[in-house]
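**Q** For reference, each letter of the sequence shown is one residue, going 1 to 136 in full-length UniProt numbering.
It is worth saying that the hints were derived from the structure and are not from the lab. Watch out, some of these pointers could steer you wrong.
[Unchecked claim] Capping the alpha-carbon separation at 25 Å, the derived lysine-lysine pairs in DSS-like fashion look like this:
#1 Lys-54 to Lys-39
#2 Lys-25 to Lys-39
#3 Lys-54 to Lys-73
#4 Lys-57 to Lys-41
#5 Lys-65 to Lys-54
#6 Lys-39 to Lys-57
#7 Lys-59 to Lys-25
#8 Lys-39 to Lys-59
#9 Lys-41 to Lys-18
#10 Lys-73 to Lys-63
#11 Lys-59 to Lys-41
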Amino acid sequence: MATPMHCLIAQRRAEANKQHVRCQKCLEFGHWIYECAGKRKYLRRPSRTGELEKALKQKEKRKTKKERAKSVKSSSRDSSNSLASDSSSESEDSSISSSSEDSDSSSLSSSLSPPQPLSFLRLRLELCQQQHIEQL
């Protein structure tokens with residue numbers, strides 16, 4: 001049993017709340033959907049499949065980066081191990097002339113202005129392998 005006073009109070013509350021109400025049709029504040037005279041707006045949202053595909057691509061990129069890093073680490077370990085074994089065999093063989101090694105190492109250092117660790121190790125490995133083949 002709403003008295004006219006209760007109806008008036010309810011109407012004023014509804015008017016006050018309109019400022020914080022978003023219309024579900026036109027997505028604007030200030031009125032209810034049944035009062036709307038505007039057109040329905042299309043709100044673009046990313047699709048779920050698009051988000052999943054993007055996440056899969058990022059996962060694959062991370063996986064390939066990890067695999068590359070792992071292969072680089074293993075190749076650097078292998079090359080450092082072979083360099084260590086080559087250097088020990090070179091120290092045992094005293095018949096190798098040091099002048100040829102000095103000229104090879106100076107040409108190697110001049111070809112690499114800022115020596116990169118991996119490229120330097122690879123070049124050094126190739127150089128040691130060539131010297132080892134020449135010794136045989």
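**Q** If a hint holds in the structure, say so; if it doesn't, say that too.
**A** Cross-check of the supplied hints:
1. Among the hinted pairs, Lys-54 with Lys-39 is inconsistent with the structure: their alpha-carbon atoms are about 33 Å apart, more than 25 Å.
2. Pair hint Lys-25 plus Lys-39 holds up; C-alpha atoms about 7 Å apart against a cutoff of 25 Å.
3. Between Lys-54 and Lys-73 the CA atoms are separated by roughly 29 Å; this puts the pair beyond 25 Å, and the hint is violated.
4. The straight-line distance between the Cα atoms of Lys-57 and Lys-41 is roughly 32 Å, outside the 25 Å bound, and the hint therefore fails.
5. Simply put, Lys-65 and Lys-54 have alpha-carbon atoms about 17 Å apart, close enough for the 25 Å limit, and the pair holds.
6. Annotation: proposed proximity of Lys-39 to Lys-57 is violated, straight-line Cα distance about 38 Å (limit 25 Å).
7. For the proposed pair Lys-59 and Lys-25, the alpha carbon gap of about 38 Å is over 25 Å, so the pair is violated.
8. This hinted pair does not check out: Lys-39 and Lys-59 have alpha carbons roughly 41 Å apart, beyond 25 Å.
9. Restraint check for Lys-41 and Lys-18: the C-alpha separation of about 19 Å stays at or below 25 Å, so the hint holds.
10. Under the criterion of a C-alpha separation no larger than 25 Å, the hint pairing Lys-73 with Lys-63 is consistent with the structure, at around 15 Å.
11. At most 25 Å may separate the alpha-carbon atoms for a hinted pair to count; Lys-59 and Lys-41 exceed this at roughly 35 Å.
Hint violations for this structure: numbers 1, 3, 4, 6, 7, 8 and 11, all remaining hints satisfied.
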